[in-house]
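Make a model of the complete structure from these sequences and hints.
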Amino acid sequence: MDTKDKRLEEYIHPEGMEVKMKAGWINGRGVVLILMVVIIGSWLFNYIWGKGSAFDSGHQLGYAIKYIGIVCILFGFAGYILIQYAVLYYFSGRDRHALQWKMDQGTWRFLLVKPMALKYYRVALLLPFLVMGLLPMLHGFCMGNPLVYYFGGYCLICSSNDFWYFLKLRSFKDEDKIVDGKRSFNATIIKETY
Numbered sequence: 001m002d003t004k005d006k007r008l009e010e011y012i013h014p015e016g017m018e019v020k021m022k023a024g025w026i027n028g029r030g031v032v033l034i035l036m037v038v039i040i041g042s043w044l045f046n047y048i049w050g051k052g053s054a055f056d057s058g059h060q061l062g063y064a065i066k067y068i069g070i071v072c073i074l075f076g077f078a079g080y081i082l083i084q085y086a087v088l089y090y091f092s093g094r095d096r097h098a099l100q101w102k103m104d105q106g107t108w109r110f111l112l113v114k115p116m117a118l119k120y121y122r123v124a125l126l127l128p129f130l131v132m133g134l135l136p137m138l139h140g141f142c143m144g145n146p147l148v149y150y151f152g153g154y155c156l157i158c159s160s161n162d163f164w165y166f167l168k169l170r171s172f173k174d175e176d177k178i179v180d181g182k183r184s185f186n187a188t189i190i191k192e193t194y
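Residues 1 to 194, numbered by UniProt numbering, are exactly what the sequence shown covers, in order.
Some hints could be false.
Straight-line Cα separation of at most 30 Å, DSS-like style, residue types lysine-lysine; simulated pairs [as the list claims (entries may be wrong)]:
no., residue 1, residue 2
1, Lys-177, Lys-119
2, Lys-191, Lys-173
3, Lys-114, Lys-177
4, Lys-102, Lys-173
5, Lys-114, Lys-22
6, Lys-168, Lys-102
7, Lys-119, Lys-182
8, Lys-114, Lys-191
9, Lys-173, Lys-114
10, Lys-102, Lys-114
11, Lys-168, Lys-22
12, Lys-168, Lys-20
With beta-carbon atoms standing in for the labels, derived distance ranges [claimed, not checked]:
no., residue 1, residue 2, range
13, Trp-108, Leu-167, 34 to 42 Å
14, Glu-18, Met-143, 41 to 49 Å
15, Ile-40, Glu-175, 15 to 23 Å
16, Met-36, Arg-96, 16 to 24 Å
17, Glu-192, Gln-100, 40 to 48 Å
Since the hints were derived computationally from the structure, they do not count as laboratory data.
Note that the structure is a prediction, hence the values are computed from the model and not measured.
Don't be surprised by glycine CBs; every beta carbon is placed ideally from N, CA and C.
Right, here's the structure in full:
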């Protein structure tokens, strides 16, 4: 009986400051990012690595959307979920009950039930954005590999929500604790005593 009560006390947290982001705002930024990365990115990629004609640019854009896009989205999403789960699982003290799967507002992610230091949560937000998005996109662009370039671009778009959320959480200190709310991109920040 004592162990059960002790375990429940771990997950009870005092009231803190709530941080919320609207899904419409995030999705609006995502549409702009899609236009920039896919359309302008394919034209720029084709101009530098291709022949530079209008036909080649349109062909490259159609190829990116039809063939590469579906494969990149599926593998990118699976990799994003696995990286996010692995990082949050490791930083939560390897407690799988501290994570909860949530699907809402067009986002699928793991939410924290147990308080975690904000510096670790920020790493979990930025790691998929950098490792699966920005770095492969830059590598593919510099090496002239369209598959790696578009894979990085699509992963960059998929993880852009976490990047906007990271920017929102920058104003808090690293020692503060964070617990996710019942919805994605809603959290409670528990301030540490200074």
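Hints, one by one, checked against the model:
With a C-alpha separation of about 9 Å, the suggested pair Lys-177 and Lys-119 falls inside the 30 Å cut-off, and the hint holds. Restraint check for Lys-191 and Lys-173: the C-alpha separation of about 8 Å stays at or below 30 Å, so the hint holds. For a cut-off of 30 Å, the pair hint linking Lys-114 to Lys-177 stands: about 9 Å separates their Cα positions. Distance restraint check for Lys-102 and Lys-173: the Cα-Cα separation of roughly 26 Å lies within the 30 Å cut-off, and the hinted pair is therefore satisfied.
The straight-line distance between the Cα atoms of Lys-114 and Lys-22 is roughly 23 Å, inside the 30 Å bound, and the hint therefore holds. Simply put, Lys-168 and Lys-102 have alpha-carbon atoms about 20 Å apart, close enough for the 30 Å limit, and the pair holds. The straight-line distance between the Cα atoms of Lys-119 and Lys-182 is roughly 21 Å, inside the 30 Å bound, and the hint therefore holds. Distance hint between Lys-114 and Lys-191 is fulfilled; the C-alpha atoms sit about 15 Å from each other, no more than 30 Å.
The straight-line distance between the Cα atoms of Lys-173 and Lys-114 is roughly 18 Å, inside the 30 Å bound, and the hint therefore holds. Distance hint between Lys-102 and Lys-114 is fulfilled; the C-alpha atoms sit about 15 Å from each other, no more than 30 Å. Simply put, Lys-168 and Lys-22 have alpha-carbon atoms about 12 Å apart, close enough for the 30 Å limit, and the pair holds. Restraint check for Lys-168 and Lys-20: the C-alpha separation of about 9 Å stays at or below 30 Å, so the hint holds.
A C-beta distance of roughly 21 Å is found between Trp-108 and Leu-167, which places it outside the suggested range of 34 to 42 Å. The given range of 41 to 49 Å is respected by Glu-18 and Met-143, whose C-beta atoms sit roughly 44 Å from each other. Our hint of 15 to 23 Å for Ile-40 and Glu-175 is violated, since their Cβ atoms are close to 41 Å apart. Taking 16 to 24 Å as the suggested C-beta distance range, the pair Met-36 and Arg-96 does not conform, at roughly 37 Å.
With their beta carbons about 24 Å apart, Glu-192 and Gln-100 fall outside the hinted range of 40 to 48 Å.
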